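Number of protein chains: 2
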Amino acid sequence: MVEKLSADARATLLRELDGWEEVDGRDAIIRKLKFKDFNEAFGFMTRVAIQAEKADHHPEWFNVYNRVEVTLTTHDCNGLSERDEKLAKFIDRIAG
Amino acid sequence: MVEKLSADARATLLRELDGWEEVDGRDAIIRKLKFKDFNEAFGFMTRVAIQAEKADHHPEWFNVYNRVEVTLTTHDCNGLSERDEKLAKFIDRIAG
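Chains A and B are the protein sequences, given in the same order.
So the first sequence is numbered by our numbering: it starts at -17 and just counts up by one.
So the second sequence is numbered by our numbering: it starts at -17 and just counts up by one.
Hints should not be assumed to be uniformly reliable.
Which copy is meant is left open, so a pair is good if it fits within one copy or across any two.
[Stated by the list, open to error] Within a straight-line C-alpha distance of at most 20 Å, the following computed SDA-like cross-link-like pairs (lysine to any residue) qualify: (1) Lys36 x Gly25; (2) Lys71 x Asp9; (3) Lys36 x Phe17; (4) Lys36 x Ala(-7); (5) Lys16 x Val(-16); (6) Lys36 x Asp9; (7) Lys36 x Asp(-10); (8) Lys16 x His57; (9) Lys36 x Asp58.
Treat the hints as calculated values from the structure; they're not laboratory data.
As the structure is a prediction and not an experimental result, all values here were calculated from the model.
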């Protein structure tokens, strides 16, 4: 069973992360990233995909050309969990 | 300069393609695909990404776990062009 982050842990997380916002009407967070071009955007997505598969926790994401929008939430607890925290921090590290 | 498909060419294309629909309110087409799992879905996306980059014509797409939604349109002509036709047919070939 995956547990939702506590209100405190969630608030701390949002302060620690880089450029993530809460999603309106859903218990989820989103980060909108812009890259130099498609090659760089899809390269980023590939790194996230490999990490996501390894952690068995996958993003919801949209891409067009050099833009990527990543939404994170944990379906098993219907909100944010430690799994989202780990993936969001990985994304922040590689997004630079 | 990229030219929009004629009304005839567009109608023919939509008959030829596999599972594509017109997008409400936009001159674009969408195909919603479902795969066995994330590995298979992202593998498909990677094949499309390489082809898109080669043709310098990129999709707008959304993915969550085993689902991929691909939208095609040509910004340069504000509608469907031969570029979308080629990429849509490539997608149909590899989607099986």
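* To do: Check each numbered hint from earlier against the structure, then list the numbers of those it violates in ascending order.
  => 4, 5, 6, 7
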